[in-house]
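Student: Which chain is which? The protein sequence lines are A and B, in order.
Mapping to numbering that gives the first Met the number 0: the first sequence position 368 is 367, numbers consecutive.
Mapping to numbering that gives the first Met the number 0: the second sequence position 88 is 87, numbers consecutive.
Only true hints are included.
The calculated DSS-like cross-link candidates involving lysine-lysine, where the alpha carbons are at most 27 Å apart (straight line), are:
1. A:K323 to A:K99
2. A:K282 to A:K442
3. B:K19 to A:K296
4. A:K332 to A:K164
5. A:K164 to A:K323
6. B:K19 to A:K282
Hints are computed from structural coordinates only; laboratory data are not their basis.
These numbers were taken from a predicted model, which means no experiment stands behind them.
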Amino acid sequence: MSIDIYVPRDASALSLGAEGVARAIEAQARERRADVRVIRNGSRGLYWLEPLVEVALPGGRWAYGPVKPQDVASLFAADFLQGGAHPLSQGLTEEIPYLKSQQRLTSARVGVIEPTSVADYVAHGGYQGLQRALAMTQAEIVQSVLDSGLRGRGGAAFPTGIKWKTVLDQPAAQKYVTCNADEGDSGTFSDRMLMEGDPFALIEGMTIAGIAVGATQGYIYLRVEYPHAYAALNEALNAARQARYLGRDVMGSGRQFELEVRLGAGAYICGEETSMLESLEGKRGEIRVRPPLPAIKGLFGQPTVVNNVVTLASIPIILARGAKYYRDFGTGKSRGTLPLQLAGNVRRGGLIERAFGLSLRELLYDYGGGSASGRPIRAVQVGGPLGAYIPASQFDVAIDYEALTGIGALLGHGGVVVFDDTVDMARMARYAMEFCAIESCGKCTPCRIGSTRGVEVIDRIIEGVERERNLVLLEDLCETMLQGSLCGLGGMTPFPVQSILKHFREDFHAGTRH
Amino acid sequence: MEPLTDVERQTVLRIMAEHKSRPGPLIEILHGVQASLGFVPPAAVPVIALGLNLSRAEVHGVVTFYHFFRDHPVGRHVVRLCQAESCQAMGASALTAHAKRRLGIDFHQTSADGAFTLEPVCCLGNCACSPALMIDGDLMGRVTPQDFDDMVTAGQARK
Chain A
0 MSIDIYVPRD ASALSLGAEG VARAIEAQAR ERRADVRVIR NGSRGLYWLE PLVEVALPGG
60 RWAYGPVKPQ DVASLFAADF LQGGAHPLSQ GLTEEIPYLK SQQRLTSARV GVIEPTSVAD
120 YVAHGGYQGL QRALAMTQAE IVQSVLDSGL RGRGGAAFPT GIKWKTVLDQ PAAQKYVTCN
180 ADEGDSGTFS DRMLMEGDPF ALIEGMTIAG IAVGATQGYI YLRVEYPHAY AALNEALNAA
240 RQARYLGRDV MGSGRQFELE VRLGAGAYIC GEETSMLESL EGKRGEIRVR PPLPAIKGLF
300 GQPTVVNNVV TLASIPIILA RGAKYYRDFG TGKSRGTLPL QLAGNVRRGG LIERAFGLSL
360 RELLYDYGGG SASGRPIRAV QVGGPLGAYI PASQFDVAID YEALTGIGAL LGHGGVVVFD
420 DTVDMARMAR YAMEFCAIES CGKCTPCRIG STRGVEVIDR IIEGVERERN LVLLEDLCET
480 MLQGSLCGLG GMTPFPVQSI LKHFREDFHA GTRH
Chain B
0 MEPLTDVERQ TVLRIMAEHK SRPGPLIEIL HGVQASLGFV PPAAVPVIAL GLNLSRAEVH
60 GVVTFYHFFR DHPVGRHVVR LCQAESCQAM GASALTAHAK RRLGIDFHQT SADGAFTLEP
120 VCCLGNCACS PALMIDGDLM GRVTPQDFDD MVTAGQARK
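Construct all of the structure, not just a fragment, from the sequences and the given hints.
Tutor: Below you can see the structure in the form of structure tokens.
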């Protein structure tokens, strides 16, 4: 009988040479007449071990990593097909503490299954949620989502069930379900991992959303920087259509739901929901003034659900296991789990899905193992380019929506970027403004003009030109952008800047040329 | 404005025919044109506008809004270097400086031998393996200056 070997097709694993490893394993197997089947899975999210090769043994999957193509011959020589000892051996994958201590609900199958195989998805509990949903009324499905306490995982944390109820209550001939897969925040990759590693979870979640609100068409708005996710999604969509999980007669229910992927074109602002809708319509991604909300007047003017990838991919398990099961994870008003993403200058970067409430310190040191450089961690940016920088004195904060808001930070999409003590925080403040200037859609003045003025003011501060006066000006400008911008880009760019002014102000006083 | 060659015109018309009946097709069409021709020629704008019953300004507005679309030819390989925070935390600035020096160009320029165009990008989703770059459709992680030089040598050899 052939032995299954897993080598990820995840973009990050490929970026570290997984393709060469897969080829080397196949070549060695041929040469040694070993009967193996190489399966291309998603990533387990233990990125310091990628490319992570797993061998399916009777007692579970055995991990070796990080494997380079030139290690493959020695792996065969060490009889890794039987779990043989080797310096790269990591033991049973599921027993690796980083993974074992996680609570993987949404990403339970990522890295485990063959991503584009419907059969493998179903064998691992897939499509049970849709099956249940098809036996419920629309109102009951929406109630389940409400009861689960699920809030939008894209960053805004709006209760998903309320959005769905609004769309359900709109009388309209055509409604839409759209997925915001424009994961543009630096330090985030959970959407990508999910789309590459378990695309059916997203497809099933969107199908349930469509059935729940009465929408027959869905769109996944995917960023163009994710070609591997694009390929995986399209393969999965074709497989789902062929197996009748999509189309005119979803699972023989007589209900219709079609789904397609649309590519973005490199505009961060299109992660803002109204801008995304404009872009889906083929237009410039300029934001729309709200109201009306997309739930009332969204894509092509019709009632539209707009949810993030992780939000939608969390729906199947909520329907399959019940709202209570999901709600019992988490704390306070932050229910369920969140796939955190640990990135930047950190020893063990990766995906950590846990119930809300883990402390930032546990994340950085217990999971992350401290900085990659070995130097002290000085600052951590949570929640993407619009998130605050958190100083070491606040690392005991709990990772949930309310606790982070309490210290003037935000959770956003759950990205955590680590910086060591060589970081120049004045440069990071400048970058925040520069990023906003590059990515502003131009619709409102505080964002369009304010960000450029912000770069100029920070340049003067760094150069030491009328420093105190310009620091006051910068604070004032932040306030104007915060209060006066139409959407989160201009309205939240001040957050990282203000956090630097508050916690790392000394970095603005570094240069004293004038 | 350089007129479209016959082949270019036919390509644009073929792509439009493929997408025209879909709702909101303009960006899909621009993706198709850029994938086929390497860029969106300015002379394609009025052709697309006419076909979709849009004004030239509307099509031009979309082409220029999105960082990904370009209105000029590029080198045989497009290298996109991540400039976002996570990569900065792992030395993206030094890698960027090295890349520019190695190729003798700045961002948005093409090397003298026509092999490489260098573009900045904000996040490739490879943040646990920073610093990252993408060459054409291939992602690279934990890129060192040596990796970059090896990539350049390999890319120059490929046609």
